[in-house]
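Novice: Given the coordinates of chain A, work out where chains B and C should sit on it, guided by the hints.
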Amino acid sequence: MASPSTYSRYSSNSDNYYDINDIIATHEKVPCKVELPLHRLGFLNPGSDGENIRVGTKMDLPYWLVTGLLGRRRRLVSVEPPKYFRSSYREIMSADANIVDLHKMGPYYYAFGTKILSFEFPESEDIAKSLIETYINRFRKVMDGSQNASHEDKNRLTSKMDETERSIYRAGQTSLRSFQSWETRQITKICTSDMVANHRKRKRAVMDEDDQ
Amino acid sequence: MDPSEVEFLAEKEEVTIVPNFSHDEVFLIGGNVGPFNPSLPMKVPLWMAINLKQRQKCRIQPPDWMLVEKLEEVKKQEHDSAVFQPMVNPHYMEVTKLLLSHATDDIPNADEVNTLIKDIWDLRMAKLRQSIDKFVKDQETHARLDNLSLMEINSVRPFLTQALDHMHTLRMNLLTAGPGPTQDS
Amino acid sequence: MYGEKAIELIHELQRAVNGSLAPFNEEGVRQVLEEMKALYDQNQCDVEATVQGEKDRLPAVQFRHTCLERNKRCLLAYLHNRLCMIRDMRWEFGSVLPAEVKYNLSEQEVQWFTKYNKSLASYMRTLGQDGLDLTQDRSPPKSLYVEVRCLMDYGEFESEDGSSVVLKKNSQHFLLRSLCEPLIRQGVLEHIMS
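Protein sequences appear in the order of chains A, B and C. Using this note's numbering, you'd call the opening residue of the first sequence number 1 and step up by one each time. Using this note's numbering, you'd call the opening residue of the second sequence number 1 and step up by one each time. Using this note's numbering, you'd call the opening residue of the third sequence number 1 and step up by one each time.
Pulled out of the complex, with its shape left as it was, chain A reads as follows (with noise of 0.2 Å):
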């Protein structure tokens, strides 16, 4: 898989245009309210059997739609905050981020939440301010797992971690993992590519399948 890079705010004429993790991180439902009629698009609107979509009609619609409909000329519609980003979320970031489960309000938290900020929603500010905070916050938790050689902890770890946070811990793994086994010294030994490996063991679980 392409190692992720960094987020932008700005999604569709950036360089990650193929990033799997920003496709999907721009897919996030932001609320919004029409301010001009949609023809014809009235199905789209689970809500109501109209043909268009009337002004004033509240929906949900991903990030990357919105950002569509705000043209320089035309507004078709005004957006709000997303839910986990709101005050009454903000002060529980404050109070305590460790034990938040970001992955839950994600789980693309911080990027999603970074590219929401070109909304220029009249609080965005606070918006950044308890994103970094956050992050700074976890931040000792996510060093600290990722240099943890234990494996049982893995899942208990990363299960609140958002993925930007997850991919950090990946890469002090990856790092710490390959120093041990250069300490161990089973790194003078040539191997099995990894993807030859997980090819055989699949390989075998269907045969195993087929078997019986």
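Check the hints yourself; a few may be wrong.
[Said to hold, decoys possible] Keeping only pairs whose Cα atoms sit at most 20 Å apart, straight-line, the calculated SDA-like set for lysine to any residue is: (1) K29(A) to L79(C); (2) K137(B) to L100(B); (3) K142(C) to L100(B); (4) K75(B) to K12(B); (5) K97(B) to S143(C); (6) K97(B) to E183(A); (7) K115(C) to L79(C); (8) K142(C) to K118(B); (9) K58(A) to L44(A); (10) K189(A) to M1(B); (11) K5(C) to L36(A); (12) K72(C) to K115(C).
[What the hints assert, rightly or not] Chain A residues, not near chain C, derived (Cβ > 12 Å throughout): (13) E91; (14) D96; (15) N137; (16) G145.
None of these hints come from the bench; they were simulated from the model. In this text, a Cβ means the ideal position worked out from N, Cα and C, and glycines have one as well.
Specialist: Structure of chains B and C alone, referenced to chain A:
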């Protein structure tokens, strides 16, 4: 970088060997080595020393820092200081690992040396993590860390660069979160 | 909502673990293209109406256009990321893909792999005097010869001096490192450490 590549670079370090054979000077891409005379100490690159040792063609003299007393002193200094102390050798981990794996019989108190080097490594890595945490907490933009070895830097590089990249993105948010550029593409 | 089919393709990529390439999702790609065609046709129709003077059609056009762009991005990302995985496979599996893996490639992907293979081979031939196999010695080699054990019946294998060795399951051999490294990486041989 993979640790095996760091080790490859460390193998260029010179060590003193005492050969038990004679041979003319050899001309290599990395420089000339030799001539070899029985019982006459000489300097060769580590990779060659290990190769000769494996074929029982030489004895390796431990580097002058690979002594228990010396390393105890280094460990104490590292422990007492808040900053990273200059190390006895830029590749102290790799050289120790290679010599202890291939020429244990030539190193006096090999076990103790091994433990001390590991202690020093652990001390330094803990210090490194501490500095990284402080760096992030204080939202610094630059820091100066002297005397780190390549292996040490290498073991945190992917983690650190990603973590700092991310912090940078979030900091930039703060700068642009006010009236930022419009969102048209 | 539009774009749901397209994001499915991306989720499919995300689920792929190291070395696994799901079958090319022809049906999924076709459905996205179909959605795009419908969006395009409706936009054509609304644009014509606009030219006739019906100004209030434009917001819907903008809406659909955004969906078109999104579908395009997802499709391209799907193809691009698959190609990256197929490229990595050249370095892991060697120049011949296992049949089950090849089966999951689309016809165009197989063509691409063949071309990539050729480019890589001709590039490697130009290196040094007699060419250089870049896929060899992925980490610094420690010795010229290595001891190996056979993990499967592989058959006859020509060693560096032209003599041949029969690689039978569980037999052990002492071979030139450069010769057996590819076989070790493919899981035919196991490197034995003394």
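Novice: Is it true that the CA of K29(A) sits at most 20 Å from the CA of L79(C)?
Specialist: Outside the cut-off at roughly 25 Å; violated.
Novice: Below or equal to 20 Å on CA atoms is what counts here, so check K189(A) against M1(B).
Specialist: This hinted pair holds, its Cα atoms lying about 18 Å apart.
Novice: Quickly compare the C-alpha distance for K5(C) and L36(A) to 20 Å and report which way the hint goes.
Specialist: Status violated; Cα separation ~27 Å.
Novice: Just to be careful, I want the Cα atoms of K97(B) and S143(C) compared with a cutoff of 20 Å; is the pair within it?
Specialist: Holds, at about 18 Å.
Novice: K142(C) and K118(B) were given as a pair; does the straight-line alpha-carbon distance stay at or below 20 Å?
Specialist: violated (24 Å)
Novice: Quickly compare the C-alpha distance for K72(C) and K115(C) to 20 Å and report which way the hint goes.
Specialist: This hinted pair is violated, its Cα atoms lying about 25 Å apart.
Novice: Take the C-alpha atoms of K58(A) and L44(A), compute the straight-line distance between them, and say whether it is at most 20 Å.
Specialist: holds (12 Å)
Novice: Regarding the assertion that G145(A) does not contact chain C, is the least Cβ-Cβ distance greater than 12 Å?
Specialist: Fine: 22 Å to the nearest Cβ keeps G145(A) off the interface.
Novice: Holds or violated: are the alpha carbons of K97(B) and E183(A) at most 20 Å from each other?
Specialist: With Cα atoms ~8 Å apart, K97(B) and E183(A) stay inside 20 Å; holds.
Novice: Please work out if K115(C) and L79(C) have their alpha carbons no farther apart than 20 Å.
Specialist: Holds, at roughly 16 Å.
Novice: Verify this label for me: D96(A) is non-interface relative to chain C, using a Cβ-Cβ cutoff of 12 Å.
Specialist: holds (30 Å)
Novice: Does K12(B) sit within 20 Å of K75(B), going by the straight-line distance between their CA atoms?
Specialist: violated (25 Å)
When the structure is compared with the earlier hints, violations turn up for hints 1, 2, 4, 8, 11 and 12 and for no others.
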